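Chains B and E are the protein sequences, given in the same order.
Quick note: the first sequence uses this note's numbering, first residue 1, plus one each step.
Quick note: the second sequence uses this note's numbering, first residue 1001, plus one each step.
Derived by calculation from the structure, the hints in this document are not laboratory data.
Heads up, some of the hints might be wrong.
Distance windows between CB atoms, simulated [stated by the list, open to error]:
hint, chain 1, residue 1, chain 2, residue 2, range
1, B, G29, E, F1013, 18 to 26 Å
2, E, T1012, B, R216, 44 to 52 Å
3, B, G29, E, R1135, 49 to 57 Å
4, E, T1023, B, A206, 47 to 55 Å
Sample of chain B residues lacking proximity to chain E, with all beta carbon distances greater than 10 Å (derived) [what the hints assert, rightly or not]:
hint, residue
5, Y24
6, V61
7, L215
8, I235
9, T354
10, G486
11, E488
12, L489
13, G556
14, A577
These numbers were taken from a predicted model, which means no experiment stands behind them.
Just so it is clear, CB atoms sit at the ideal spot from N, CA and C, and this is done for glycine as well.
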Amino acid sequence: MSTITDAPRTPGSEQRETFEPPRYRRPLGIGRDQLVQYGVLAFLAVLVLAPIVPTLYQSFVDRPLYEDGRVFTVEGYKALFTDAGFGEVILNTLLFAGLTTVLTLVIAIPMSIVVVRTRLPGGRFIALAMQWPFFISSLILGFGWILMYGPAGFVSVQFEKVFGGVPWNLYSIPGMAVTEAVALAPIAYLFCANALRQSDASLESAAQVCGAGPLRILMQVIIPMLRPPVVYSSILVFSMSIETLSVPLLYGQPVDIDVFSTFLYRNGLQSVDPDYTVLAAASTVILAVTISLVAIQAKLLKDAARFVSVRGKATRPRKLELGWVKWVSVVFIAFYIVFGALIPIGGLVFRSFTLIFTPLRNPFDFLTMKNYETIFTFDTYVQSIWNSLIVAGVGSVLVSSLAVLAVMVARRSTFRFGRGVEYLALIPQSIPGIIIGIGFFWAFAYAPFGIGTLLQGTLGALVIAFGIRALPSAFGSVAPSIMQIGAELDAAARVSGADWLMTFFRVLRVLITPAFAGALILTFVIMLKEYSPAVFLSSADSNILGTTMLELWAQGRTGSVAALASIQILITAVFVALAGLLMRGKHRA
Amino acid sequence: MPEVTVKNLSKTFGDNAVLKDVTFTIKDGEFFTLLGASGCGKSTTLNCIAGLEQPTQGAISVGGTAFVDTKDNIFLPPEERNLGMVFQSYALWPHMTVAKNLALPLNIRKVPKDKQKTLIADALDKVGLADLSHRYPHQLSGGQQQRVALARALVYSPSVLLLDEPLSNLDAKLREQARAWLKRLQEDLGITTVYVTHDQDEALALSDRIAVMASGNMIQVGTPHEIYESPAAPEVAAFIGRCNFLTGKVVEHRGAVYTIRLDSSDDTVTVESEQQVEVNAAVTVAIRPERLEVMPLGSNPEGQNRLRTEVLTSSYVGSRYEYDVRLGNQVVQVLSGRSGLTGEAVLVFEPAQALLFPEQVELSEEERDLLIVS
Chain B
1 MSTITDAPRT PGSEQRETFE PPRYRRPLGI GRDQLVQYGV LAFLAVLVLA
51 PIVPTLYQSF VDRPLYEDGR VFTVEGYKAL FTDAGFGEVI LNTLLFAGLT
101 TVLTLVIAIP MSIVVVRTRL PGGRFIALAM QWPFFISSLI LGFGWILMYG
151 PAGFVSVQFE KVFGGVPWNL YSIPGMAVTE AVALAPIAYL FCANALRQSD
201 ASLESAAQVC GAGPLRILMQ VIIPMLRPPV VYSSILVFSM SIETLSVPLL
251 YGQPVDIDVF STFLYRNGLQ SVDPDYTVLA AASTVILAVT ISLVAIQAKL
301 LKDAARFVSV RGKATRPRKL ELGWVKWVSV VFIAFYIVFG ALIPIGGLVF
351 RSFTLIFTPL RNPFDFLTMK NYETIFTFDT YVQSIWNSLI VAGVGSVLVS
401 SLAVLAVMVA RRSTFRFGRG VEYLALIPQS IPGIIIGIGF FWAFAYAPFG
451 IGTLLQGTLG ALVIAFGIRA LPSAFGSVAP SIMQIGAELD AAARVSGADW
501 LMTFFRVLRV LITPAFAGAL ILTFVIMLKE YSPAVFLSSA DSNILGTTML
551 ELWAQGRTGS VAALASIQIL ITAVFVALAG LLMRGKHRA
Chain E
1001 MPEVTVKNLS KTFGDNAVLK DVTFTIKDGE FFTLLGASGC GKSTTLNCIA
1051 GLEQPTQGAI SVGGTAFVDT KDNIFLPPEE RNLGMVFQSY ALWPHMTVAK
1101 NLALPLNIRK VPKDKQKTLI ADALDKVGLA DLSHRYPHQL SGGQQQRVAL
1151 ARALVYSPSV LLLDEPLSNL DAKLREQARA WLKRLQEDLG ITTVYVTHDQ
1201 DEALALSDRI AVMASGNMIQ VGTPHEIYES PAAPEVAAFI GRCNFLTGKV
1251 VEHRGAVYTI RLDSSDDTVT VESEQQVEVN AAVTVAIRPE RLEVMPLGSN
1301 PEGQNRLRTE VLTSSYVGSR YEYDVRLGNQ VVQVLSGRSG LTGEAVLVFE
1351 PAQALLFPEQ VELSEEERDL LIVS
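Chain E with its partners taken away, still in its complex shape (with noise of 0.2 Å):
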């Protein structure tokens, strides 16, 4: 089983640069996730990869053979590069049957009759269709074609799996469900596969290993665990789950610990952050819904950081409870398991739980427009 080396992929339309320098390494056998907003270079890179695309500048090379490097003026075209792809749309070929799409692939190789149709049966036998071999796909829910679309990645062993959002088109429910079946599935094969998604989820649940990209830069490379607990940048923290940012400057430090003086409300914060910041830079507290609570006003509760709030909204979303609150002129979003809050009450959260970023964080136009209160 091979690994996949990107190295210094660059491609530009005209002017416009959709991918920006990026390198990375997959390890053999790993499942690795590109994750990101859409635009941000993430599908460009699996076509680079498949060679439906061809890079500006950069190179890319599979277990030791060179699929393209600018450089050298290599090139290989997608169809000699053995690998499998499923598509957003599984584009499966609608005028042949569960069959015959298989059968293609094997075709174009010279593989044997007799031997096509045992490959052909255990590939779908793997995704559990073994039975529909002959229904159009016209003929299939969405779901069974996304595993048809998969069988037939599958079934001439290519040496890389491309999977191009391929649970985006379920249902929500059968989503969840297809996820756990994927990730089995490419554990039994121990394939080296590539996944786009835009979905964090998805991305969190599958991956060995998450590359966040956004707007044509690799910001963040890591285990699904690094990504959320240790996020590299603000846009990494805002993507990957929720995220409050609030601006502040370091009003002193003690080693790992900062204390800073908010800009939305003049409170000061403490914060334990392994980053190096000196007094007075304007800094960015970020702070995730789920590690913030409130409490009633008069309680007296455990944990460093206390502020004064006042409760703005607050709605019930079945698990728990989600609070806006008020922290000067900006709203903070809280999830607790408290009901029934209202009014005055007290913000609390642990210096350990926040993450600093030395550097400003400016909220969008439209964030302002909704998190700012006067």
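Next comes chain B alone, as it looks inside the complex (with noise of 0.2 Å):
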């Protein structure tokens, strides 16, 4: 007999069936995901040590690396340290990088903290138009500062007509410094900039209540707080002017005034029988010096991490009036961005659809479309902008993908060497161009299983070195993308029974694909601009926007550049402005 008592609870008894969890094979204790973060570092460590350890081996050898019977020698450094030539060359790139510094801070400084922190009219205006180096390489501003301010050049020109002599020098270590400053202007003033809007308002409102007038709270709140921003950037200006070569290249050559990247590009290019051994360690040295600058940046950026007093809670900025001083600050900026960037690029675009450009004879009467039928009818100029546009494309797609998986791997999985792939993700940082240029093609000379003559010479060989420059931006763009997205979304999916490779795939594709787009618009930028490593790479089939530029320049066919680096400039803005409107608001940058 039973009685009825209550039903015994049976909690969901028929969906108490359970699953069996999933099991992900692991073959000797390495299962997928291990083999594709173990696979990401190798792939990484074999990219970044290709251009570096061939070059440090030829550097103690004392023929080239593809010649039989190679002796160990020191003779390459003490050449280098005795030849004469060597000795004013570390002094002439001190000089150049310093005074690039130097000029950049004085142009930067004061340009962010009005624009950022004080009534300016046309302050957003201002903000937008710094934004100018993204789109135009240091190699067309060159050339337009040639057409410009030149010994032959409009303005100068025009100026000596009028006040009888022209008191600048392009063509010396201050006209490179001019330059450069005026190209690495930007990148200080982001700095900066950024520093001010996210430092707290609250502290200047704390003076003003104290009693503190616009100036006090200038000088003793405001530009303090500046120090580790203007830290950080000089040296970021002052390794980004040792290794860049367009304006050294450009200004120096005519004159015989050599830094570090015109020495290794003379000594390896055009003399007759390059002494390799020279060369390399002369790139070994210069790559020590590069090297260490990006570690002491990054040594520094981790401190000045302290700095950033507030996040997440956004405080608005009160701006500062300053009277007078605001129309003496925007003479200042208008004047940098007309006379630095607006004059010389428009008039090199002015310079393409002219036959003669002289202020001598007006240059309206010479108005033509002939320098773009040249580029048109010679199949190697049209064929150095379809390279551009493919080593650009097919590059930033692998440089993006990449940068993905390094950023997963380093910052999204508990691999052990996951430091080491961020490390070897930036490190290119601090390879100059032309390095990574000579480091690859030793390495193709050297490489195993006939690669190196698979690519010697190739696009393929480009897109490896672009987009090896290219990986620290890629990096640095999609990181802080993904970090944004909760690590608990990861952490969901792994409990629920995905391994770290279908976590990325099921769950953070998707989400990850506007970091993506943004990535692959700033690397597309980036390598069509690219040049640098290509004068050591490019064959005659595989020339680029930049080294087929060079070329024409050294020929004298001015108007031909004008047109070619027009069509770069407009290639860029086409680019960015499709990439903005497909992407609408999702991605600024």
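Fit chain to chain and form the complex, with the hints in mind.
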């Protein structure tokens, strides 16, 4: 007999059936997650070490890598430091880089303060205008400056006619430094402006409540806060001007002023029988300098992070009223933008539509499309445009994918060597483009299984070399966007039964798309402008815009150079505009 | 339904020990709560069970399956542990509908499509969201998101449910309702549940047992009643509910009845305690504000401990009055139903209502600033 009692609680008995949790195979204890992670590490290591190791090795052997009977030697270094020429090169480089850094800061610091922290007419427009170097390579800027301010430049000649002389000489170290500073100022500006925007506005309000006037606030509150970004960006600018090729090449070559990069260019490319040992020794020395600079910079940035006072809560900074000083500031900024960028670039574009470009004759009388016709009738020029597009197009997809993978491994996995992956992805920042070119040149000569001959002189070689150059920027652009995606989304997928790879493909891939697209745009533009590794890696079939322009420039065909430069600017602008339209609001650079 | 065993679990980041040799067992079907202030190691413990973090040392097993054992070099990755977990941010995948969110774990387990449909419908039904399966997470309210997260954690019938402060993002009123609902659901399902929270009310209301953690140690494991009524350490008393700490010296003791001279006011009080403390030992008397009573001067209250005090402030907090009274140079908090007391008064409590700890509790600097008056 049984009495009816409460039905026994059968908690969802029909649903209580359990499912096998997924099993992932791990032969030898290594699952596919680890396989991919180690794969990324190994791939990056090969990619980054490929140009460095052969250079190091070459610097210690007495003959080219591809020849037999190599003997260990330190003659290369001896020759480098006893050869009086290199001492002067070092001195020139230091002068150039130092002067550039100082000038950059002189332009950038006041500008960032007045734009971010004071009421300024047209402040938003100025902030936008400061992004111009993103579209224009320093090579093109150099062309423009020579056309305008060079010894026979449009502005110089005009100036001479009025005042009877020109007080500047572009073909000198100060001339180089001014141009380079104009090109690099926006970078320093960006650092300072970001720091100013992030800092807590209530600090200033507090000073204001205490009775401090705008000038006192400026001197005692705002400027001291700028110390970290100033230190950081000066090291960055310094190392960038050590590695730059364009301006020193264009300005220094005609008057025999050599800096590091042009020294390598001249000895590696222009001498009939280059001494590879000395070349490699010089590369190694320069590499040591740039790598230690970036190491210092990384260390400082780590410490500087402590200065970033507030995060998250956005306080809109109160803007100070400067009175008459603001008009001085506006004139100063307008001068920089108009004379630094607008006139040279505008002049260059205008040059592409004229036959003769001199203030002595009215250039409007010679308006023509002939420069463009020349470009489009010669296959080699058209080819170089296509080559640039292919390298930038294919390269940006590959580099952005690699960057996403690297960020995933470095920041979103428990991979033991995640830090290593991050360092490898960022190291190329410190390798000058021309050394990447030389390094790969040797690497291809030395590579096993005939990989070298397969790649030597092809667009593939350029994709690899340009890709490495663009990788740190891609990583830097992807990392913050991925970090914004809550880590709990991954954790939820992992606990639900997805391994690391499946989490990426099933959950994160879609969420990462905007970050990927942002990196794609950035790297496309960077790789379209890039050319310095190509001076060693390009063959007649794989010339790109930059190398073709250099060649034409050397031949004195300024009109064609101007036309190609205009085409490059146009491609960049159209690409960025289209990409911006496609993404519309999803990504804001 | 399995039992969760955690043995000698430690975790260090560099020199920083986050977990120090934690050992406990969670019984089958139990609602077990890890309670503590932020940084006490409770989330690290949960993440170690989930497999999201690797312990530096120790072993975890569920129902006989070893998840982690540092001695034998065993580490089962989270995806193979078959656990359900709800995160503080809910972690719903924002680009998938509610149904897709629930389908993913089933897809991974290769459950046939038609079976998936019924399972998803059942799970959503259980959390009362059957009609919302085609919505995206951002189209749901916080409470709904939280329930979807729970449905997603339950849909594949995991062996253990892990909850990482799932209610902390809800507003106060909703939180209390969600609490009761969660308790019913867990009782219905009978699933072993590990719950992490810093909210003592939540812990007391929900748990079968609570483990109180502080700076990487597990100080006490017990039922809510045990934790509240007989806290094993002053930290527990301070963290669960409010507590006044009065330091003093034992003057004499007869069996379980101690007479103690208070440092703050030189008064003597009697306290009943199971603790074994020598005469002259430095001790702390801990009394919860609601176990104290203030009376106007001149009334003749019951109770063995009667202390002269002065009312410093009185505040009306809705259901009761909160008094700050002065005992010597220390402020003591009292919760009382009596209104309108000012000036001199009598502080009363029963010896059995106070707790005795055989150590002197040092007030933190901040507490000293606020609680010591001259």
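| Honestly, do T1023/E and A206/B meet the 47 to 55 Å range at C-beta? | holds, 51 Å
| Is the Cβ of G556/B farther than 10 Å from every Cβ of chain E? | holds, 57 Å
| request: Quick one: work out the minimum CB distance from G486/B to chain E and report holds if it exceeds 10 Å, violated otherwise. | output: At roughly 6 Å from the nearest Cβ of chain E, G486/B sits no farther out than 10 Å, so the non-interface label is violated.
| field | No chain E beta carbon within 10 Å of E488/B's | value | violated, 4 Å
| said: Against the range 18 to 26 Å, how does the distance between the Cβ atoms of G29/B and F1013/E compare: consistent or not? | reply: Once the Cβ atoms are compared, 25 Å apart, the range 18 to 26 Å for F1013/E and G29/B holds.
| said: Tell me if the beta carbons of G29/B and R1135/E are separated by a distance inside 49 to 57 Å. | reply: violated, 43 Å
| Can we trust that T354/B is non-interface, i.e. its beta-carbon lies farther than 10 Å from all of chain E? | holds, 53 Å
| query | Does the claim that V61/B lies off the interface hold, with its Cβ farther than 10 Å from every Cβ of chain E? | reply | holds, 43 Å
| field | Outcome for the supplied range 44 to 52 Å, where the beta carbon pair is T1012/E and R216/B | value | holds, 49 Å
| said: Verify this label for me: L489/B is non-interface relative to chain E, using a Cβ-Cβ cutoff of 10 Å. | reply: Answer for L489/B: violated, closest chain E Cβ roughly 5 Å.
| query | Would Y24/B pass as off the interface with chain E, using Cβ distances and a cut of 10 Å? | reply | violated, 7 Å
| query | Is it correct that the beta-carbon of I235/B has no partner in chain E closer than or equal to 10 Å? | reply | Fine: 28 Å to the nearest Cβ keeps I235/B off the interface.
Going down the numbered hints, you'll see the structure goes against 3, 5, 10, 11, 12, while the others check out.
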